[in-house]
Amino acid sequence: DAKTTQPPSMDCAEGRAANLPCNHSTISGNEYVYWYRQIHSQGPQYIIHGLKNNETNEMASLIITEDRKSSTLILPHATLRDTAVYYCIVRVGGGTASKLTFGTGTRLQVTL
Amino acid sequence: KAGVTQTPRYLIKTRGQQVTLSCSPISGHRSVSWYQQTPGQGLQFLFEYFSETQRNKGNFPGRFSGRQFSNSRSEMNVSTLELGDSALYLCASSLYGQGSGANVLTFGAGSRLTVL
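Going down the list, the sequences are from chains A and B.
Per the numbering used here, the very first residue in the first sequence carries number -2; after that it's consecutive.
Per the numbering used here, the very first residue in the second sequence carries number 967; after that it's consecutive.
Simulated from the structure, these hints should not be mistaken for lab results.
Note that the structure is predicted; figures quoted are calculated from it, not measured.
No false leads were slipped in.
Each computed DMTMM-like pair below joins lysine to aspartate or glutamate, with the alpha-carbon atoms no more than 25 Å apart:
no., chain 1, residue 1, chain 2, residue 2
1, A, 0, A, 52
2, B, 1023, A, 28
3, B, 979, B, 1041
4, B, 979, B, 1048
5, A, 96, B, 1018
6, A, 96, B, 1048
7, A, 96, B, 1041
8, A, 66, A, 52
9, A, 49, A, 63
10, A, 0, A, 28
11, A, 0, A, 64
12, A, 96, A, 52
Anything over 12 Å on all C-beta distances counts as not near chain A; from chain B, calculated:
no., residue
13, 968
14, 984
15, 988
16, 1033
17, 1035
18, 1041
Virtual Cβ for every residue (Gly too), placed ideally from N, Cα, C.
Produce the entire structure from the sequences given, and follow the hints as far as they go.
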């Protein structure tokens, strides 16, 4: 799996958009970008994933650059409940699902 | 539908004892994986089971073992507990097969083990 790099922490005001970057410069053509988050003392929660096209669901949007070397997770209107550690993971699709490598992630603090 | 259920949620053991943790996956999910989370090492993969067979294993000593039953429920066991085994143990279930959705894991709330 390709290595990912994320900033250790970010702050965001409630109601504003939170833009969380992830660098994955060694990503290969068949690897997807996945985002999970972990709210304190809970199990990680899947957010979204994509290959090369931008994706949107009810939780967030994922913007992947054309060269696929980086991506941005966007929480359009952050709330206090979005305070969590966000993990960006790069992985091939299919087969054995597990053995995801969670790095240190980005600790997002949403404030009033 | 019901999520991933882990039991017990909290437990305290002493060094040298053994512990068994249980995980019930989402209905229809046949792959179950286990992770250990500690403040120092973060989230680390333990092992994965599919069709009652261990398909993948992380870098943990043989004291850590698991199994999966025919109904996809899984258990993990840690023998001869050490202080360093104190951690949050997370179970996750997923669909197994082709496609990007196979990496979409649904995690349980975890079992927090304290070893004294």
